[in-house]
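Asker: Sequence:
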Amino acid sequence: MERSNISISEKFQAQYMLSIEMESMLVSALMKSKTEIRYDFSILNIDEEGFECRLVQLDIFIQEANSNLIHEVAELTGAFNRMFNELHLKLDHTGKVLQVLNIELILSKWKQTKQLMQQAANKSDDLKDLIALSDSMFASPEKIQQAIQANEFLQTYFGYIYGSEVPFSKSDPNRTNFLNTSYLPFKVSSTIDQQTASQKNIKVLTSSVPYVTLDMNFKKNAYKSFEDKIDLKSIKPEITEDTVHLIEVKTGKLLHTNVVKKEIADDQKLYIINQYTMVIDGFGSIFNPPKDKAAESSENTGTQGDKSRFKFF
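Using the UniProt record's numbering, read the sequence shown as starting at 1 and increasing by one per residue.
Incorrect hints may appear among the rest.
Result set (BS3-like, lysine-lysine): computed pairs, CA atoms no more than 25 Å apart in a straight line [what the hints assert, rightly or not]:
#1 K143 <-> K114
#2 K236 <-> K220
#3 K261 <-> K187
#4 K170 <-> K224
#5 K203 <-> K233
#6 K170 <-> K203
Quick list of simulated restraints, FRET-style, between CB atoms [what the hints assert, rightly or not]:
#7 Y183 <-> L105: 21 to 27 Å
#8 A139 <-> S28: 17 to 23 Å
#9 E86 <-> M216: 43 to 49 Å
#10 V212 <-> K11: 39 to 45 Å
#11 E165 <-> Q99: 42 to 48 Å
#12 A132 <-> S198: 53 to 59 Å
#13 E238 <-> L58: 35 to 41 Å
#14 D281 <-> K96: 22 to 28 Å
No wet-lab data here; the hints were simulated from the structure.
Glycine residues also receive a C-beta, built at the ideal position from the N, C-alpha and C atoms.
All chains should be built: construct the whole structure from the sequences, respecting the hints.
Answerer: What follows is the structure, encoded as structure tokens:
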């Protein structure tokens, strides 16, 4: 089988569009949204340790939302994202943040934002708590670094494959389920689409599944908030993450990626499905992720509820 080391090997500057589609059902609350974010990404220098890069968020737009709450949350998070919309970083070859090179700029932005928030804080105890919580984060370089590491661009771009020889199989013990309610380690497997192995652009496929049994202990931890409305004994959670990266072999530059994360505890009452699609400017989508059996079944039967729930596939 063809093997390849996935790594950025040449400097470049490019713009990307990240589209994030989210759908969740929490018993009676259905939330659906589609957000588009534009980025400018530059690799400035490369060495043995990793590379220096600059990441600038150019624009963010909520294209679809079925609830005003989504807009309200977006406005709040947008205020904090302002601190991180210009990033000058040193990353290792896997995409891990080694150093925040413009941390002084980030702290100055927080200082300005904090002053504006304090002017309105007398009217809201919740806002006072939020200021205190945020202040503790910006007082710690380690917490700032952790917040940047969770950046959606970095997570989508690098995934598990950069800095690795593909194919591989490994574990990631430091994760949670997609509802963010319980610790859940994953097994990650990645391979090269052999039809692209000898081409200038290769397709790398990655699959992640829990490597622990989703037994009653897990269900009680993960879905405790819903146990009065859902019979935990009867549900059989399914949790998967599937990723397709299309990468330019010569440079290691990402051209297109698609990430689908699914957690379905109950297909009518409790689930979350997220899809992240990122494409470099000037490069159209030349592939679609394969449909899973549930998606194909929903299309064949014509069930409207299933079509809505699995429309991302």
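Asker: Against the structure, test the hints numbered earlier, and report the numbers of the ones violated in rising order.
Answerer: 4, 5, 7, 8, 11
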